[in-house]
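Protein chains: 2
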Amino acid sequence: MDLYDVLMRRRSVRNFEDKPVPEDVVDKLIDAANNAPTACNVQPLSIVTVQEAGRRAKLARMVKRQPWVKNAPLTMIFCLDFWRLKRWAELSGVAFRGNDAFSHFLLGYADVMCAAQTVVILAESLGLGSVYVGKVPYVADDVRAYFEMPAYVFPLMLLCLGYPKTVPRNVPKFSPSVIRHRGRYRPLSDDDVRNAFDEKYGSFDGNARRYFERVLVEAVEAGEQGEEGWLERSRERMTKLAVKSNAEFVFKVRYRADLMVENNAEAIGTFRNAGFDCFK
Amino acid sequence: MDLYDVLMRRRSVRNFEDKPVPEDVVDKLIDAANNAPTACNVQPLSIVTVQEAGRRAKLARMVKRQPWVKNAPLTMIFCLDFWRLKRWAELSGVAFRGNDAFSHFLLGYADVMCAAQTVVILAESLGLGSVYVGKVPYVADDVRAYFEMPAYVFPLMLLCLGYPKTVPRNVPKFSPSVIRHRGRYRPLSDDDVRNAFDEKYGSFDGNARRYFERVLVEAVEAGEQGEEGWLERSRERMTKLAVKSNAEFVFKVRYRADLMVENNAEAIGTFRNAGFDCFK
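Quick mapping for you: the protein sequence lines, in order, are chains A and B. The first sequence lines up with residues 31 to 310 when you count with the numbering used here. The second sequence lines up with residues 31 to 310 when you count with the numbering used here.
Don't read these hints as lab results, they were simulated from the structure. Certain hints may be false.
So, partial list: chain A residues that the calculated Cβ filter (under 7 Å) puts toward chain B [said to hold, decoys possible]:
{"#": "1", "residue": "51"}
{"#": "2", "residue": "121"}
{"#": "3", "residue": "283"}
{"#": "4", "residue": "286"}
Derived coverage of chain B by chain A (criterion: at least 3 residues anywhere in the stretch with Cβ under 8 Å from a Cβ of chain A; other residues may be distant) [claimed, not checked]:
{"#": "5", "region": "93-105"}
{"#": "6", "region": "294-305"}
Below, in silico cross-link-like pairs of lysine-lysine (DSS-like), each with a Cα-Cα straight-line distance of 25 Å or less [to be verified]:
{"#": "7", "chain 1": "B", "residue 1": "310", "chain 2": "A", "residue 2": "165"}
{"#": "8", "chain 1": "B", "residue 1": "282", "chain 2": "B", "residue 2": "310"}
{"#": "9", "chain 1": "A", "residue 1": "310", "chain 2": "A", "residue 2": "94"}
{"#": "10", "chain 1": "B", "residue 1": "94", "chain 2": "B", "residue 2": "310"}
{"#": "11", "chain 1": "A", "residue 1": "310", "chain 2": "B", "residue 2": "165"}
{"#": "12", "chain 1": "A", "residue 1": "88", "chain 2": "A", "residue 2": "203"}
{"#": "13", "chain 1": "A", "residue 1": "310", "chain 2": "B", "residue 2": "49"}
{"#": "14", "chain 1": "A", "residue 1": "274", "chain 2": "A", "residue 2": "165"}
{"#": "15", "chain 1": "A", "residue 1": "88", "chain 2": "A", "residue 2": "49"}
Please read all numbers here as calculations on a predicted model, not as lab measurements. The beta carbon of each residue, even a glycine, is placed where N, CA and C say it ideally should be.
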């Protein structure tokens, strides 16, 4: 299968076989991450590999509701690491202030995600599946303490990896023409906006189980891995609010548009606690 | 060649053949980007493809000093796009505040970079080379105006693509053991910090040309593509400051540790100008 086909078949996998990832495969994934593009070639990246069952369970309790963090044989914590650069600068008699620089946060975050996505794709080509867990900045204080991260190391993203037990096949995507703009940005007309999302999500037909497998697949998977409540709460909220369209479901149940700005100070605070005071 | 070998050979390419990227290849790259992982499957991504010579030249003038933006047959502008989601929410009678939510910025940035790095890797496997240009948030006001981006669309990253004329082969990387931490983060000892960087950069031997090909390859490439000044200024600064170590070169000449925090307000302002008021 060529890489295009691998990438087009790839789906986030949350259900893994109870089978470790061999160490030589882990080494290859780390090598590839280490060779990913990085601005100015500074490589502000560290990866904590979490394989031991007790540590996986502890990490899963921190991020909550995502049992694949416990069940995956390998989770990588992708960290923005300015500690190493800063220490080298200090030992060399040079000041380093990148931890307080917004531009260096932006570039560093890009570097970290380039490495992470390189791991996703190499893993996929080797028969592994993976899923990102983006909640980690919100629980960064706990993660940093438990995994003994010093100042200037910030856990930006988790990636759970393992051999897939099942792969979701119903996850909908936009038509590629929706995301591509030739030569300049062309805003969609109102009708095209509605069509883009309706074609993506399909009809809102009242078959909650089938609908959830497209639109809330992680709650379905969590339920199957013994995590009670998420699916039920979503269904109850759907009924209570008399949700009657894809948009209402997405923004009122799944991706809560009303709550989105409430935790800004807390999240920015976790960065500040780690020595990153760059959002000002 | 298997994907691991492709990834280990990959280097950022800044010198391209004068040969267009065929449209069916561009379509594949967009397809793959469109199928990249995205938090909550919201796909807050738009890609502006810049192929016409006049527009490439204009974009190159905006980011300055990086002639590959003009010379590459294809540049993709990877945008965080909340306009489409926000418009859909409005048309559906639901509020959307993700543009002011720090968490949704973090997740959206990760989504955009997952898509971009997917393009890098698929392109590489198809014989193309690429290089990121991370400066675009600093000139986002100009880029947004010229490419007619509405509010809530922010250009986070450029990716220049084309068939490689030359590929840099001397770019140094850490030993992979430097970035991997098993089970918990283990700070390097002072000696190990020094060794990690010295092994990466090699000896500081006074052969400026050979040193620059490892440590400042983009200035060398820019010079070869007719961009005067960068290499010369770096060499002059190196002499003036009597730079005598890798750390001094990296932090005083290449990755200016003393200037890093000076532009925070300006960069955050470009986000605010685009309707993203999420860093507070």
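We went through each hint and held it up to the structure:
1. Taken as an interface hint, residue 51 (chain A) does not check out: its beta carbon lies about 13 Å from the nearest beta carbon of chain B, beyond 7 Å.
2. At a threshold of 7 Å, the smallest CB-CB gap from residue 121 (chain A) to chain B is about 6 Å, leaving the interface hint in force.
3. Using the Cβ-Cβ criterion of 7 Å, the hint placing residue 283 (chain A) at the interface with chain B is not satisfied: the shortest such distance is roughly 11 Å.
4. This hint is violated: residue 286 (chain A) has a C-beta 10 Å from the nearest C-beta of chain B, more than the 7 Å allowed.
5. As drawn, the region 93-105 of chain B meets chain A at 0 residues by the rule of a beta-carbon pair under 8 Å; below three, the given contact is violated.
6. Only residues whose C-beta sits within less than 8 Å of a C-beta in chain A count toward coverage, and the region 294-305 of chain B has 4 of them, enough to reach three; the restraint holds.
7. Restraint check: the Cα-Cα separation between residue 310 (chain B) and residue 165 (chain A) comes to about 19 Å, which is no more than 25 Å; the hinted pair holds.
8. Proximity of residue 282 (chain B) to residue 310 (chain B) is assessed by CA-CA distance (about 31 Å); at most 25 Å being required, the pair is judged violated.
9. The straight-line distance between the Cα atoms of residue 310 (chain A) and residue 94 (chain A) is roughly 30 Å, outside the 25 Å bound, and the hint therefore fails.
10. For a cut-off of 25 Å, the pair hint linking residue 94 (chain B) to residue 310 (chain B) is broken: about 30 Å separates their Cα positions.
11. Taking the CA atoms of residue 310 (chain A) and residue 165 (chain B), the gap is near 19 Å; set against the 25 Å cutoff, the hint holds.
12. Between residue 88 (chain A) and residue 203 (chain A) the alpha-carbon distance is near 33 Å, which puts this suggested pair outside the 25 Å criterion.
13. Restraint check: the Cα-Cα separation between residue 310 (chain A) and residue 49 (chain B) comes to about 44 Å, which exceeds 25 Å; the hinted pair is violated.
14. Of the supplied pair hints, the one linking residue 274 (chain A) and residue 165 (chain A) is violated, its CA atoms being roughly 29 Å apart against a limit of 25 Å.
15. A C-alpha spacing of about 19 Å is found between residue 88 (chain A) and residue 49 (chain A), which places the hinted pair at or below 25 Å, so the restraint holds.
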